[in-house]
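Asks: Each chain is listed here by its residues.
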Amino acid sequence: MKENAKNETFVHDPENVIELDHLKKYFTVNKGKLKGGKQYVKAVDDVTLNIKAGEIVGLVGESGSGKTTLARVILNLTKPTDSHVVFDGVNLSHATKKQMKDFRTEVAVVFQDPASNLNPRETVESSIMRPLIIHGMKKAEAKERARKSLELVKMDERYLYSYPHQLSGGQLQRIAIARALVLDPKVMILDEPTSALDISVQAQVLNLLLELQEKMHLTYLVITHDLNVIRYISDKIAVMYLGRLVEYGPTDDVIENPKHPYTRGLMSASPILNPHDRDKEKYIMGGEPGSLIHLPKGCHFNPRCPYAGERCMQETPENVYLSDSHQVTCFMYDEKGVGEKVSEEKEVSAE
Amino acid sequence: MGEKLLKVENLCIDYKVKDGYLSAVNNVNFELRRGEILAIVGESGCGKSTVAHSLLQLLAGGNAKVTGKAIFNDRNLLELKRQEIEKVRGREIGMIFQNPLDSLNPVYTTGWQVAEGIELDGVSKEEAWKRVIELYKDVKMPDAESRAKSFPHELSGGMRQRVMIAMMLARRPELLIADEPTTALDVTIEAQILRIIKALRDDFDTAVMMITHNFGLVAEVADFVVVMYAGHVVETGTVFDIFDEPKHPYTSLLMKALPRIKKTEGRLQTIDGSVPRITGDFVGCRFANRCPYATEQCRTQEPPLVQVSGTHSYSCFREGGDK
Amino acid sequence: MNQSPIKEFFTSCYKNVNFMIGFIMVLSVIVVAIFANQIAPYGYDAADPTSILLAPSGEHLFGTDNMGRDLFSRIVYGTRITLQVALIGAGLQLVIGVTLGLLSGYFGGPLDKGLTFLADLTYCIPGLIMALAVVTIIGSGLTNAIIAISIVNWASYTRMVRAKTMSIRNQAFIETGISFGESSRSIMFRYILPNIVPVIIVTVSMQLPGTIMSTTTLSFLGVGSMPPSPDWGLMVSESIDYIARGPWMCIFPGLALVYTVFGFNILGEGLRDLLDVRMKSQ
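Protein chains in written order, with my numbering: chain A, 1 to 351; chain B, 1001 to 1323; chain C, 2001 to 2282.
By construction, these hints were calculated from the structure, which means they are not laboratory data.
Keep in mind that the hints are not guaranteed to be accurate.
Below, computed lysine-lysine pairings styled on PhoX-like, alpha-carbon distance capped at 25 Å [said to hold, decoys possible]:
1. K1149/B to K280/A
2. K2015/C to K143/A
3. K2007/C to K1018/B
4. K1262/B to K215/A
5. K38/A to K2015/C
6. K1140/B to K282/A
7. K2113/C to K79/A
8. K2113/C to K1018/B
9. K1198/B to K280/A
10. K1016/B to K2015/C
11. K154/A to K1256/B
12. K1137/B to K282/A
13. K280/A to K1262/B
14. K1149/B to K1137/B
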């Protein structure tokens, strides 16, 4: 962590609600003294990402890409190792108590597993009311707000007195959304909000999220591995690979004209939903997603990349801005290129 | 079209519960030929896994009542004795599951476990080990030789699923039942596994029965599709029949619920309501409570089977289905 | 339809044989303790030099002891002491064990390491020897004996609560709670504690018989209750010299102890079945 890549020239742009500038989150793994002491897991490594107010940003990546860790850092559930999360112009690492309290009301989160999103020992009503009570609202008023919030997610009042184990996955997820909305947040972070749900229920939840976003001018950060879902709801897509942000740009650009080789592989691996496209020539990326503990030198993607050159083995690529809103982290797009191509057999051996 | 391998007729599975019988699967019919990939698709609780498990007599607990026929190579799988079905498992019908870690023994190396299956056929240890390495190469396992000496926990999810496929391949079964084979895997790995399954079909003429809730997989590899809802088959047809001209209201609503569009192009179709609890005395169409076209008739009578073409059929009262 | 989990729990209790038998046995002990004044025909220390070591008869149901005290009355009053031990002992262990377990499981880090080390340490020393050591330091007497046993037993509560806390603290509803501003204290007591109540109940009911036994043992060894207290352990120890002439002096307190401990034991067994089934169905 000696190479402190903090950008001294960082300026807050009022249009952005979340700004990450070379954000890092490392975990230490104790390997025991005999094996050489501590090791770092670079779960989030050098991520620069701005989210504008009112945008829906989809964050995709395979397991171990660090997307959930990134969400937890943004939620301030865990402190970043280097650099800061800037929320609405407030640096969360130096926030006052009051600022932190406000932040807690402005960012809400919904996790993947409907069954563990709510406290199993509390009724739906008391779960939804809880955030209001903490922030000092009277009980009667909070009850009323809970009712309204449930209405917002199109659920009948009678569910207020249910316990979580009496409800279905779709209902639980809508209640989790109702609770997230009860404090009138600016930003919602949705971690795989629909991946545990059936298709018909998934459609309900996605439509509900879109409707709420329009109605309440929310900003969403949606984390998922399902590219079809991301294409449906998001305005921009961020792609992560082994802790690094490899591409970030408008949905149409990223899906139809992916720039980073990893994004390209991911896009073509994503299941098509039309049997007529099945015989189209497809690029199937070989290799395994790799592990954060044994990271390759240079660009993390080099063992799976068909274009990897000499330079990719040695240096770490920086963000390249292709346009105002499209950034990619690959040597192919800076003036020096990837360097000498190392070998052709890599693609074969990786497969 | 290959020769007929499996014919399931009037398969019914009821679970005994406190207040009578719960109908998990009712009157399911379908056929599978050599070299064909059949997808049984449906949402959670539709009975798709129950069907697959019943074929190998793998239903847990003693409270399931199975009736009907499943003719596989001139034998009814449902009536085989325990020793007979044990010979069928693995040798004639192979099965892979969603979570390969549960199917592998953590205290033996994966190669040893694959070799064990080969040795059952009277092959020497050295021969078997050679076969294992070949198989690992067949399933595109990186570093086949060292991976064969790894323990299950040392492999990633994708590699474990490859081991399962290799293990299954070792016995060269005629039918492969894949129960949600890629649900726990990343998309890039899923694509690799699907490619292996397709190659298997092409190279060995293996028939594949794929149980899944993921229509992406169906569109990607299936030849024929059986759509299930609440224990009933609502529609069967070729993958193109189902995707291009769905007839049953459920199938057709589901097709519109798939996220194939962008939000700027419109909204996804939703299906309100939830799956009813089907007990022994349930009458009428099982989708009636969620169907936008349901009439009185749907609630009182079982819908008829309508044959659209040689391959395409659905069960609904509405003429022309959802048009 | 909106049955609370607590109501559901009670309806399923009737069906569990272990639970019901245990419950009735423990309840009978409690009733006897409450109405001891009405049930006992004599006072617990009413010595009668004219009726020493009488065999059980209509007048003295369980016979009399070497000082002519009615054994039945003494055993009836003894239930109060036993329940007192159970209540205070369990309460003390619970407060220590749950608090330390929650802190250790929730915060982790050096605090957790320290507490775990301490718990392991107490496990290494044989319980009775350690209890004797503690009593030697703080002095004998029933209350001190209970304290000594609690000091020996806290570790099993702490371990249990710690393990459960660690598994719950990673669930989504905890992180969501933190994300909308819950303090650490309310995460521990509003979110985690209610969800480990079943585990705590089971642990208590499994530990109670042991607590009663150990305290009785201390009394037997002469460092617990002091005469003329009708402590069952003490009664057994007083009977030793007369075991040939009046075996009932030893048998009846022993049986009372067995009855009570057995009652608590199968009550715990039943509770564990009940609560485990419920935990699975969630």
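Asks: If a hint holds in the structure, say so; if it doesn't, say that too.
Replies: Tested hints:
| no. | hint | verdict |
| --- | --- | --- |
| 1 | K1149/B to K280/A | 37 Å, violated |
| 2 | K2015/C to K143/A | 38 Å, violated |
| 3 | K2007/C to K1018/B | 20 Å, holds |
| 4 | K1262/B to K215/A | 19 Å, holds |
| 5 | K38/A to K2015/C | 55 Å, violated |
| 6 | K1140/B to K282/A | 18 Å, holds |
| 7 | K2113/C to K79/A | 22 Å, holds |
| 8 | K2113/C to K1018/B | 49 Å, violated |
| 9 | K1198/B to K280/A | 15 Å, holds |
| 10 | K1016/B to K2015/C | 20 Å, holds |
| 11 | K154/A to K1256/B | 21 Å, holds |
| 12 | K1137/B to K282/A | 22 Å, holds |
| 13 | K280/A to K1262/B | 22 Å, holds |
| 14 | K1149/B to K1137/B | 14 Å, holds |
In summary, the numbered hints that this structure violates are 1, 2, 5 and 8.
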